[in-house]
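Protein chains: 2
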Amino acid sequence: MEQSFVAWAKVRAARLPQVKLGIGDDAAVLAGNTQDWVITTDCLMDGVHFRLQETNPRRIGRKLVNVNLSDLAAMAAQPVAVFLTLCLPDNGAGDMAADALAAEIYEAVCEVCQRRAISLAGGDTNCWSGPLVLNMTAVGKVENNNLWTRSGAKPGDYIVVTGPLGGSLLGKHLDFEPRLDVVDRLQGFDLVNAAMDISDGLSTDLLRLCDASRCGAVLELGDIPISPAAQQMGLSSGRSPLDHALGDGEDFELLLAVPSERLLELRQRLEGVCQPVVCGQFTSRTGLWAQDGGKFVQLTSTGYVHGASRI
Amino acid sequence: MEQSFVAWAKVRAARLPQVKLGIGDDAAVLAGNTQDWVITTDCLMDGVHFRLQETNPRRIGRKLVNVNLSDLAAMAAQPVAVFLTLCLPDNGAGDMAADALAAEIYEAVCEVCQRRAISLAGGDTNCWSGPLVLNMTAVGKVENNNLWTRSGAKPGDYIVVTGPLGGSLLGKHLDFEPRLDVVDRLQGFDLVNAAMDISDGLSTDLLRLCDASRCGAVLELGDIPISPAAQQMGLSSGRSPLDHALGDGEDFELLLAVPSERLLELRQRLEGVCQPVVCGQFTSRTGLWAQDGGKFVQLTSTGYVHGASRI
Chain A
126 MEQSFVAWAK
136 VRAARLPQVK
146 LGIGDDAAVL
156 AGNTQDWVIT
166 TDCLMDGVHF
176 RLQETNPRRI
186 GRKLVNVNLS
196 DLAAMAAQPV
206 AVFLTLCLPD
216 NGAGDMAADA
226 LAAEIYEAVC
236 EVCQRRAISL
246 AGGDTNCWSG
256 PLVLNMTAVG
266 KVENNNLWTR
276 SGAKPGDYIV
286 VTGPLGGSLL
296 GKHLDFEPRL
306 DVVDRLQGFD
316 LVNAAMDISD
326 GLSTDLLRLC
336 DASRCGAVLE
346 LGDIPISPAA
356 QQMGLSSGRS
366 PLDHALGDGE
376 DFELLLAVPS
386 ERLLELRQRL
396 EGVCQPVVCG
406 QFTSRTGLWA
416 QDGGKFVQLT
426 STGYVHGASR
436 I
Chain B
126 MEQSFVAWAK
136 VRAARLPQVK
146 LGIGDDAAVL
156 AGNTQDWVIT
166 TDCLMDGVHF
176 RLQETNPRRI
186 GRKLVNVNLS
196 DLAAMAAQPV
206 AVFLTLCLPD
216 NGAGDMAADA
226 LAAEIYEAVC
236 EVCQRRAISL
246 AGGDTNCWSG
256 PLVLNMTAVG
266 KVENNNLWTR
276 SGAKPGDYIV
286 VTGPLGGSLL
296 GKHLDFEPRL
306 DVVDRLQGFD
316 LVNAAMDISD
326 GLSTDLLRLC
336 DASRCGAVLE
346 LGDIPISPAA
356 QQMGLSSGRS
366 PLDHALGDGE
376 DFELLLAVPS
386 ERLLELRQRL
396 EGVCQPVVCG
406 QFTSRTGLWA
416 QDGGKFVQLT
426 STGYVHGASR
436 I
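Protein sequences appear in the order of chains A and B. Count the first sequence with the numbering used here and you get residues 126 to 436, in order. Count the second sequence with the numbering used here and you get residues 126 to 436, in order.
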């Protein structure tokens, strides 16, 4: 459902001069004098994004902050402040009362914020008879010229991912670290033409980046980094580990378009932080393509989209 | 519940140099070079803030934007952009499917945004088996020196409200206009020492403003402007119209601290926009006091707080 709304809202929502980027990227950009403000909002709901009965509330709180910070990382923005909305079930969770549940979530949010020098600057907390809902808005900043967007990939750029993919449901989707460490190392060196975070699966998100950049992409299937979790899931899921790496959501690695002549410098700057993996190239021919040995086939987007099957 | 969390979170949340004002005012303030960015977030939940079965979704969408814009008005900020999160019930509302429900809410939000030249710049839309939840984050801007806060009231300042109070449950709580018109007229003239919007009732909110300003206030009970709706509710509620004006929430008028020598200019600048009403004075003696004819009594806060009775 969300994708059709994004398209509709993009047309319907007014674009105004102070808004440099509106709906359609990982975050919106408001133009300041020397720096841009990057703003994103993400919601987590019991039964959709996590199961409260089975999950420690601190992990949920941490995930909430980190999915938002991952969107800021995708724009090369440094996080400044977050705003937290909680809709708390009257009866709390299990034998934990509502106020104790709230305190656990707040503690997790504050812990991440303190570690990263981010301010928890506001919010809204309410109780109700419904399930737990958490919403966060995160605000970051970036020098005017250092912003990364989805729309700058050029034919010939390498497709680079910052880590192994797939199988995040086994745990990483709750415990990942947003790739702000990659941003810290790369920001300001003009090494990245386009970026986004991989939240709905490599194939889905790569196609979105291609659409925004008005280009296509050819993946080298043999080069896609497959996580141990994807291997493990492949043993029982009936899908191959590669399918998991291509289609699973919530990896929260970064997907980068890197000019071929800058790849070496990118690798050097990321030493000790992550091993960037080249898994294909952007092309002028639109669409998502795959090369597997000699074969050349068109890929459909098979990423996992939250709630998509519900309407 | 929220008030105790606000107090707790204020202590627990890190205050950082780039955050000029954090938790505790109507909105947070991030410092820019020549202008400040003012950010607020507010949530509306089915069964707590509205009843979906009984309410046109467009009125709910409009209320969502307007409660957020009211917080910006309280800080003298001009709205720039809003971010909309929707948690939509799978089954929609009545005979309205989920996507039609979403479209109605979006339309209402877009209508207000277009009329006021605000950008709907992002959001998050999901379906679930729970009730409707809406969250909005609104971003505004204000020149560095023109910001209003809760903490600037001085003993001797007049207590000024921008319109009649009480009884908003009869309709105004859904259909009010945020007092951005007042901000437009007053901004930059140094006529206001402190401000907030009246969302939880005059007595509750006045006491909050006093606490933030480390002063007290004496209300002239006979001067408090009582709305026709408060008069009407008083006929059957068992409470006096004055009680409604003092205690009812969601008036969304502004509460201002105005230096006595600036009152005349304030009145002139607001001509044609609203009739500002003086209903007492701030004092150095802390607490909330009332003068009614000759009597002088201490008032307790009797404002309406959403969800307060639930924990």
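Don't take every hint at face value.
Intra- or inter-copy, both count: the list cannot distinguish identical chains.
[Claimed, not checked] Pairs of lysine to any residue residues, derived as SDA-like cross-links and limited to a Cα-Cα distance of at most 25 Å, are as follows:
no. : residue 1 : residue 2
1   : LYS266    : ASN158
2   : LYS145    : THR159
3   : LYS266    : GLN160
4   : LYS279    : ARG387
5   : LYS279    : ARG392
6   : LYS266    : VAL173
7   : LYS145    : GLN356
8   : LYS145    : ASN269
9   : LYS279    : SER385
10  : LYS420    : ALA222
11  : LYS145    : GLN239
12  : LYS266    : ARG394
13  : LYS420    : THR408
14  : LYS266    : PRO142
15  : LYS279    : ASP417
16  : LYS145    : ASN158
17  : LYS420    : PRO280
Hints are computed from structural coordinates only; laboratory data are not their basis.
Outcome of the hint check:
| no. | hint | in the structure |
| --- | --- | --- |
| 1 | LYS266 / ASN158 | both (12 Å within a copy, 13 Å between copies) |
| 2 | LYS145 / THR159 | both (13 Å within a copy, 18 Å between copies) |
| 3 | LYS266 / GLN160 | both (7 Å within a copy, 15 Å between copies) |
| 4 | LYS279 / ARG387 | within (13 Å within a copy, 60 Å between copies) |
| 5 | LYS279 / ARG392 | within (19 Å within a copy, 59 Å between copies) |
| 6 | LYS266 / VAL173 | neither (30 Å within a copy, 35 Å between copies) |
| 7 | LYS145 / GLN356 | neither (41 Å within a copy, 48 Å between copies) |
| 8 | LYS145 / ASN269 | both (10 Å within a copy, 22 Å between copies) |
| 9 | LYS279 / SER385 | within (10 Å within a copy, 63 Å between copies) |
| 10 | LYS420 / ALA222 | neither (58 Å within a copy, 44 Å between copies) |
| 11 | LYS145 / GLN239 | between (30 Å within a copy, 17 Å between copies) |
| 12 | LYS266 / ARG394 | within (22 Å within a copy, 37 Å between copies) |
| 13 | LYS420 / THR408 | within (17 Å within a copy, 82 Å between copies) |
| 14 | LYS266 / PRO142 | both (18 Å within a copy, 14 Å between copies) |
| 15 | LYS279 / ASP417 | within (22 Å within a copy, 74 Å between copies) |
| 16 | LYS145 / ASN158 | both (12 Å within a copy, 18 Å between copies) |
| 17 | LYS420 / PRO280 | within (20 Å within a copy, 81 Å between copies) |
Against the hints set out earlier in the document, violations occur for numbers 6, 7, 10.
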